[in-house]
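2 protein chains.
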Amino acid sequence: MKLLLLSNSSAPGREYLDHAREVIADHLTGVSELLFVPYALADHDGYTAKVAAFMDGLGIRVRGIHTADDPRAAAGEAQAVFIGGGNSFRLLKSLQERGLTEAIAHRVTEGGAPYMGSSAGTNMACPTLRTTNDMPIVQPASFDSLGLVPFQINPHYLDPDPASAHMGETREERLAQFLEENDVPVLGLREGTWLRRTGGTLELGGIAAGARLFTAGAEAVEYAPGADLSHLLTLPARFDHRTV
Amino acid sequence: MKLLLLSNSSAPGREYLDHAREVIADHLTGVSELLFVPYALADHDGYTAKVAAFMDGLGIRVRGIHTADDPRAAAGEAQAVFIGGGNSFRLLKSLQERGLTEAIAHRVTEGGAPYMGSSAGTNMACPTLRTTNDMPIVQPASFDSLGLVPFQINPHYLDPDPASAHMGETREERLAQFLEENDVPVLGLREGTWLRRTGGTLELGGIAAGARLFTAGAEAVEYAPGADLSHLLTLPARFDHRTV
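Top to bottom, those sequences are chains U and D. First residue of the first sequence? That's 1 in this note's numbering, and the numbers climb one at a time after it. First residue of the second sequence? That's 1 in this note's numbering, and the numbers climb one at a time after it.
Next comes chain U alone, as it looks inside the complex (with noise of 0.2 Å):
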């Protein structure tokens, strides 16, 4: 299994996926064509042609999954697969409606295909979408995403701002309200950040900036970019299990 998930798809003053251009090149590495997932935003043609003009760069034709006649049959024949950011609970009921769960992690896991996701496309790879930062604008059937990784990530991971008046809980706190309801470790993915899965080993990569490891009855652990976190793909995950 090749997994590219990236926390972010887009870095200040650079322009859309630019920040991560090497080793996005490194993962589709003999890809000519990639089936592009726009659902989580609601241009579908035009998130597609902003793919299809960074891909270029690359050598890469863009198909967006919403042209395909059958998009399980896409899927299933797809040489590679790119789900973009937005809004992950629009983009999980997308899914779930055209069978495209199962369909993609198929692909991934049996087929080989390589799996990029940015941001909502990085929940997608997670066992369930319950450590999405988004706003759950619509219902999808089931929180179950595609499970290419049996832990969860928070993309667009903020550490506390001490200077913030805002009574809102910090993006901690929300991780430790997960972590009282799932005993399910979280990778908390600063912007800037990525992490490539290839089999069984995971490592992370990006900036200096790294990411956070949050574990239920666990202090926090820090990792920096070149970590091996492969340790993260046998450790239990238990949702729905009280922990406190």
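Honestly, the hints are just simulated from the structure, not real lab data. Fair warning: there could be bad hints in the mix.
[Said to hold, decoys possible] Covered stretches of chain U (in silico footprint by chain D; criterion: 3 or more residues with CB under 8 Å from a CB of chain D, positions within the stretch not fixed):
| id | region |
| --- | --- |
| 1 | 99-113 |
| 2 | 138-152 |
| 3 | 156-166 |
[As the list claims (entries may be wrong)] Anything over 12 Å on all C-beta distances counts as not near chain U; from chain D, calculated:
| id | residue |
| --- | --- |
| 4 | 22 |
| 5 | 33 |
| 6 | 40 |
| 7 | 77 |
| 8 | 93 |
| 9 | 106 |
| 10 | 161 |
| 11 | 176 |
| 12 | 180 |
| 13 | 234 |
From a predicted model like this one, the values you see are computed outputs, not experimental measurements. Where a beta carbon is used, it is the ideal one built from N, C-alpha and C, also for glycine.
With chain U held as given, fit chain D onto it using these hints.
Coordinates of chain D only, in the frame set by chain U:
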């Protein structure tokens, strides 16, 4: 129907609920015992004790609904109900599992018991939880909530921060996504503000920052404390209705 819907329960430098002490006292005039719903947090006893300490200053006893042998019966005979903040998904799931969404809504709409909510408790007063800011840490059977008002509220509404380098969506962008999928007005209640409903009258209260109303296909509109928002009680609401 009597509703008091607070954006937040804690304000900088103030004790729990203290920023809204006057309006709470007025809302609960004549009430000697308040039924408190602590399900949004994990520690029900601790949360109930915190509310009891505040209400003691108003001469009101507090009963935690989690201590009732029959929570539905407790809701059915409550003088007044307060649903506190925390995680909206955990709260809604707990209410649904106990048959409390209908029981509380019935007690408030038919029995005339004053309802008070803060943050997640304010989300619960809307038709759905689709405009919560919370993380979906558990999966409720449905996103449908109490429906004590016919529009959506976004508590802790936060204006975009032009200085931020964070690439996640702003609150306004999140609400714009909601309005792509639902033709339903959303009132962004800034911290320190609240709504009061008395029958067919709806009024904004609290600090000068006020509230911001988002409607599909229209410019957002600002409202200051004292504004009469009764027209929001008669606007149509069409969920799962694509507007773009």
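Point to revise | Enumerated hints in conflict with the structure, sorted upward | key: Hints 1, 6, 8, 10, 11, 12 contradicted; others consistent.
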